[in-house]
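*Asks:* Listed below are the residues making up each chain.
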Amino acid sequence: MKSAVIVFPGSNCDRDLAVAFRETTGEAPVMVWHRETELPQGIGLIGVPGGFSYGDYLRSGAMAARSPIMRAVADAAGRGVPVLGVCNGFQVLTEAGLLPGALMRNAGLNFVCRDVPLTVANSQSAFTARYEAGETIRVPVAHHDGNYTADEDTLDRIEGEGRVAFRYAAPVNGSARDIAGVINEAGNVLGMMPHPERMIDPAHGGTDGRRLFEGLVAALA
Amino acid sequence: MKARVYVTLKKGVLDPQGKAIHHALEGLGFEGVNDVRAGKMIELDVAESVSDAKIEEMCRKLLANTVIENFRIERVAA
Chain P
1 MKSAVIVFPG SNCDRDLAVA FRETTGEAPV MVWHRETELP QGIGLIGVPG GFSYGDYLRS
61 GAMAARSPIM RAVADAAGRG VPVLGVCNGF QVLTEAGLLP GALMRNAGLN FVCRDVPLTV
121 ANSQSAFTAR YEAGETIRVP VAHHDGNYTA DEDTLDRIEG EGRVAFRYAA PVNGSARDIA
181 GVINEAGNVL GMMPHPERMI DPAHGGTDGR RLFEGLVAAL A
Chain R
1 MKARVYVTLK KGVLDPQGKA IHHALEGLGF EGVNDVRAGK MIELDVAESV SDAKIEEMCR
61 KLLANTVIEN FRIERVAA
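Same order as they appear, the protein sequences are chains P and R. Start counting the first sequence at 1; every next residue gets the next number (this note's numbering). Start counting the second sequence at 1; every next residue gets the next number (this note's numbering).
Only chain R is shown next, with the shape it has when bound in the complex (with noise of 0.2 Å):
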């Protein structure tokens, strides 16, 4: 069983690379773009028994830093 950690900066929290991100895109000349945020998405090999609330654990205490990042979980059938 598979399960994704989405890890994001919180709302208002400035993001360096995704400004950079940003920059670089407009340089590309693409158009319409209105803001990027750069995340991180981490996978995890895990035995059916571990819970979603086994899994918010390891976020709140290690995947995640919760003073400047969000994190959002989903399983996936493998």
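Bound-form chain P, shown alone (with noise of 0.2 Å):
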């Protein structure tokens, strides 16, 4: 299958994302400057990786989030392209109107960089396939934006709907609800803090999030 990971100045797990869609796709994925307009023809999923896309300037993803590239992100979107953000893919997401909330600074204002206990709070989803409801997961978080914030309403539904994806186990940042993913209406687009592509070989002290993408694959074949 061919994918995409999207590449902007600044980004820093780019390289860690394609690894982990080639390991599971069995394809390269191809890696799209943040200036092109167009994604290649047929691509079948796309990555916006973590990292620090323009410096986080402004806002944490919000100058990445207005860059020529995610026109076509949020065109492919709508047409049912399946999407996973991470960590500044998250907040690029949420900065692009394609999920909902924002994410903020950490209420205790560190940066936070550890392995962090995961609950997926809904394995229906294409992006959770591979796990149990309930399940506990291990999974490294590196982040000084993860705090995760919508209205009420907002989280009432997303909860309402099985919107969210995962939780953190235990607090991490502040994030409402202890959100830690968020799932688009449509069922199609991801956006996480913690790095599942960090998590993917037995070298990376873990495996936990290989399953991740194995399930993408899986829904896609």
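For the record, the hints were derived by calculation from the structure and aren't laboratory data. Incorrect hints may have been included.
[Unchecked claim] Examples of chain P residues lying across from chain R (beta carbon under 7 Å, computed): (1) G55; (2) R59; (3) A102; (4) R105; (5) L109; (6) N110.
C-beta atoms are modelled at their ideal positions from N, C-alpha and C, and glycine is treated no differently.
Since each chain sits alone in its own frame, please combine them into the complex, following the hints.
*Replies:* Pasting the structure below:
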């Protein structure tokens, strides 16, 4: 399957995400620079990677969300192409309006960089199909702005619709209702602060992230 | 012509930075500060022909994230 990883100036997890895509789809993804206005033909999966796009200027993800390629990503998402945004990628997707809410400075003001336990809140999505609902997995976080915020109505709605994919098993950054990952209404866009691509090989110290990619690839086959 | 855009967090949105500033002020011995909210000011140098409506559009599309922030536009004579 053909996949793409978007690269912004300041992305630094693009290669990790590319490895995860390559390992699980069997084909190296196309790396697409932010100035492009179109995605290559036949892309079946898009990754928006972590990092510090545009130096986090204005707000994390704000500039990247307005870059030319993001229009093409939004169009593809609208056509049902799965989009995975990790860390800064999650911030970009909320800034682009593809996911609800916003990610603010961590409640403790510290950059948090460690493995955290996550609870799989919904195993019915294409992104979480290889997990059991309620299962606890271990995935690293590395962020300063991961404090998920939305108004109460939005929080109630996304919880009611099963659109919370992952929750922190213990508070990490002040996120409302310990939300770590959110899915869009159509079910084909996931944004999450933890890094599943950093847990796909035993050499990483664990493989809990690998099932996210494998489940996604199986769902798309 | 200058326009200043003040971006502030909406009421009810927790402000960890404001809280830390508040705490630091108390640490310096300043009393009577009830609350601190941090925001940002963005100064635009714009042509006379740029309308308030246009600046408002800039705010909605980029300068503020209206999920969590409010904005206020102020025209400043040069």
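*Asks:* Compare the structure with each hint and give your call.
*Replies:* Hint-by-hint comparison with the structure:
With its C-beta approaching chain R no nearer than about 15 Å, G55(P) sits outside the 7 Å limit, and its interface hint is violated. About 6 Å separates the beta-carbon of R59(P) from the nearest beta-carbon of chain R, less than 7 Å, and the hint is met. For the restraint placing A102(P) at the interface with chain R, the shortest Cβ-Cβ distance is roughly 4 Å, inside the 7 Å limit, so the hint holds. The closest approach between the C-beta of R105(P) and any C-beta of chain R is roughly 5 Å, which is under the 7 Å cut-off, so the hint is satisfied.
The restraint placing L109(P) at the interface with chain R holds, with a minimum CB-CB distance near 5 Å, inside the 7 Å limit. Interface hint at N110(P): violated, since its Cβ lies 10 Å from the closest Cβ of chain R, which is beyond the 7 Å cut-off.
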